[in-house]
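Residue numbers (this note's numbering), protein chains in the order written: chain E, 29 to 310; chain U, 70 to 375; chain A, 8 to 332.
No lab work stands behind these hints, which were simulated from the structure alone.
Just so we're clear, the structure is a prediction, and the values are computed from it rather than from any experiment.
Among the clues, some could well be false.
Subject to a maximum C-alpha distance of 16 Å in a straight line, what follows is the list of computed EDC-like cross-link-like pairs (lysine to aspartate or glutamate) [as the list claims (entries may be wrong)]:
1) A:K18 / A:D44
2) U:K147 / U:E161
3) U:K80 / E:D139
4) A:K227 / A:E188
5) E:K169 / E:D35
6) A:K92 / A:E82
7) E:K301 / E:D139
8) U:K226 / E:D268
9) A:K18 / A:E82
10) U:K80 / E:D256
11) U:K335 / E:D168
12) A:K51 / A:E182
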Amino acid sequence: MNIAKTDIPPLILFLIISFITLIAFVMVAPLLFSIDLGATHLLNRLLPPSFMEKGRPEFFLGTDHLGRDFAVRLLYATRNSVVIAFSGMAIATTIGTLMGVLGGLYRGWVDTVVMFLVDARLSIPFIIIGIVCASIFGSDKITMIAIIGFAGWASFARLVRSQIIQLKEANFIECSRSLGASNMRILFEHIFPNISSPLIVHATMRLSSFILLESSMSFLGLGIQPPDISLGIMVSAGRDYLISSWWLTLVPSFVIVCIVLQVSLIGDWLRDKLDPKLQNNS
Amino acid sequence: MRSFFAVCFIKSVITIWFILSLVFVFTRMSGDPTRWILPDDAPDNVRVELRQSLGLDRPLSEQYANSFLAIFNGDMGKSYYYLRPVGELFAENAGATIKLGMAAFTVAIIFGVPLGVLAAVKRNSLIDRLTMGIAISGYTIPDFVFSILLVFLFSLKLRLLPSGGSATLAHFIMPVIALSVGPMASIARLTRSSMLDVLRQEYLDCARAKGVREISVIFKHALRNALIPVVTIIGLQLGSIIGGSVVVETVFAWPGVGSLLVAAAKNRDFPVIQYGVMLISIAVTFTNMLVDLSYAFLDPRIRDNF
Amino acid sequence: MHNREPLVEVKNLKKYFSANKEMFLKKATRVVKAVDDVSFTVYKGETLGLIGESGCGKSTLLRVILGLVAATSGEIYYKGSIIDKTRLKNFRKESQMIFQDPYSSLDPRMSIQRIIEEPLRIHTKLDRKEKTNLVVSLLKKTGLAEDDLKKYPHEFSGGQRQRIGIARALVMNPEFIVCDEPVSALDMSIQAQILNLFKNMQKEFNLTYLFVSHDMSVVKHVSDRIAVMYLGRIVELATKHTLFDNTLHPYSVALMSAIPIPDPTVKKKRILLEGDIPSPIDTPPGCSFHTRCLQALPICRQQTPPLKELAGNHFVACHLFGSGG
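Generate the whole structure from the sequences, applying the supplied hints.
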């Protein structure tokens, strides 16, 4: 792919770099700042950030209502949210691509089944599915990843399927067939490279909705459970102290919005960049 | 046209049946609900009694059939937690949610469509950037964050509005705003891009060349065609509003179906969950069906194919 | 002249499609007869031109011959033996197709090297170096450069892309090449270049062509023999000269009259066919051309004329020339 030759607008470049830095940093966090998420130190409750008055230097962003270091918790929370969203996305992409390929390539009753499942899934709002699953299967990290993976595949399947249906009729596919290429070869050498761009764009867009789902569910108390931590939990826990220690809620909220904004803007740029209409201009 | 309608209808029914069956299977698969209701050391006879009163000792096929018949006779069993008929619980809470939902829906359309049109007509102007800013915040800022921000600003800092409950009109304002922002952003965005597409078309230049005034060009010719995809997305906002109401009702302590469902999920209150899923899937599936039909109806190209 | 050794023989080939969707229990009753009982032979070393208007079934015929679409009935013979499932792969090694649209017949995501190499990857076990050498030699033969190996299709013009398609078709050293309107999508000036390339390649590789086009002047330029197709049937088949000097079938006559003659002093009687091409669904009984034929006889409405050989390898399907059955 000749992406190296293209120029990336400075804003997007900044977003990409900051996003990658953020991910790298939070993934590495446990090695740098170890913490016992369950421990409480009630003597240190609700200290403000170190740069505000009454703050203490050893607690960079202060402490929460149970005396725990807010900044470190923030790191772990971000890490959890990111890990869950990415893991869920990996599962959703795999299942979705598989279903889309089955439906698009084989058509007939297989396609009918696939489309039916996709439509059925998409007829219930994502968060409702999350709530129902949480009520049946409980709430923890693994369940969240499973919910995202097993409920988030539908839009991928739809995309892959429609791309394959279009591609199947393309002349160069017919060409390969006339050369004697097997279905598998056509699938891997021709179809996948051609659907990779829309798939990547879509995955980026969906990543933001997965992050939002996890935070919303954790906020409601149906996602990750304490002592495990997530950005949604932090927002929810800080609500009671909104008047005095507003940062407890607003900073995690800000982090959520930042991440989602980064991902969305990068996704928008990617989509415009990889738009085939702008490419085949000869 | 009739066969299209019949196919749509049958498909909706099968979809609803499938979803409800899936929920039924999963809830029954997850084990004995009395685990969550009674303490672990409860005596066996109490457990058996409870199972009987909740209808859990009947054969599975009977329970399955009943869960569908309930759509028609309204008897979905009793809530495991409140031990009251589920239908009653929903009837009590539905009104509040419907009020909130419809208000949010209306606000989203009233503000979303004109914003989108304005943004398209005055492309790259301040209004365009403002609209796109709102659109972006619509899908970047989660409902719960936006709600908390509203509470922070208007309740705590400015002390203008109450932060929770549903007694007065003042309690109504913030939840409606919070719930309407997401759909409003989607509607504005789509209206804008749809208008932009239409405004580029050549048949508008034809009208202009004929001497039609610009305002008329925009409203009579462009808008009508641009609105077709917008109508379908308006229909699809129902799902967004249902999803959003769960969070908004929780933040603002608005006593509606959303908070009911969240509580039920925490309490493993399966009858309430099942009933909620049933209502939601019926509502969304049939709305989608109406949207499909209206799309076929509005676009003469599709209409003529049948 | 060519040795009259048959390379590809088509016998009673039919391809019917169902025209309406099967809804629930209603079965498809309307049939599109895209290829309706076609028989002919392509001899080794020759170029058989196939001409007909859009929709007459020529593209379908090509796809059936190459096995991309299953025939409804009929047989195809290659080098004397019938092509069945076991022989199909071998047939595919030795026969290739060149497509009409240079813009969509190359995978936009593949480099030129990989595109041309593809038949080698499928059918041979050559190593990288051997493959590259072959590809480079073909690039040069088709008028491209070694530098083009790493480029992508969108960097080339239509004419160049068609050259790439030709290189790909030739890399396996095939015997039989089917060309589906290979120059129709190109500008006039490029058409001549590509047609000359076709002729040169034929000489160099000893190829046999089945060349399809709707443009009579193109077909006239490249073919040794020409078959005229109308609504799924061959109506006339003769050597080029015979066809032009002694056009028999009324449809062929009308086609000939449409060819522009570059001499302004020659007055040509242009035959304008009345009526529209009947739909290939529910074709009229009898001769498929009778609705537009100025010389239709009563029998033409009832009986389909068979393709009969008249003197000197000139085949016609018309009641005017046969004894009618």
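Structure-based check of each hint:
For the given pair, A:K18 sits about 8 Å from A:D44 by alpha-carbon distance, which is consistent with the 16 Å threshold. Straight-line distance between C-alpha atoms of U:K147 and U:E161 comes to about 15 Å, which keeps the hinted pair within the 16 Å bound. Of the supplied pair hints, the one linking U:K80 and E:D139 holds, its CA atoms being roughly 15 Å apart against a limit of 16 Å. With a CA separation close to 13 Å, the supplied pair A:K227 and A:E188 stays within the 16 Å bound.
Restraint check: the Cα-Cα separation between E:K169 and E:D35 comes to about 39 Å, which exceeds 16 Å; the hinted pair is violated. In summary, the hint linking A:K92 to A:E82 is supported, as the alpha carbons are separated by about 12 Å, within the 16 Å threshold. Distance hint between E:K301 and E:D139 is unfulfilled; the C-alpha atoms sit about 31 Å from each other, more than 16 Å. This hinted pair checks out: U:K226 and E:D268 have alpha carbons roughly 15 Å apart, not beyond 16 Å.
For the hint linking A:K18 to A:E82, the alpha-carbon distance of about 5 Å falls within 16 Å, and the restraint holds. Taking the CA atoms of U:K80 and E:D256, the gap is about 42 Å. The hint is violated against a cut of 16 Å. Distance hint between U:K335 and E:D168 is fulfilled; the C-alpha atoms sit about 13 Å from each other, no more than 16 Å. Taking the CA atoms of A:K51 and A:E182, the gap is about 8 Å. The hint holds against a cut of 16 Å.
Figure legend: structure checked against the earlier numbered hints; hints not met, in rising order: 5, 7, 10.
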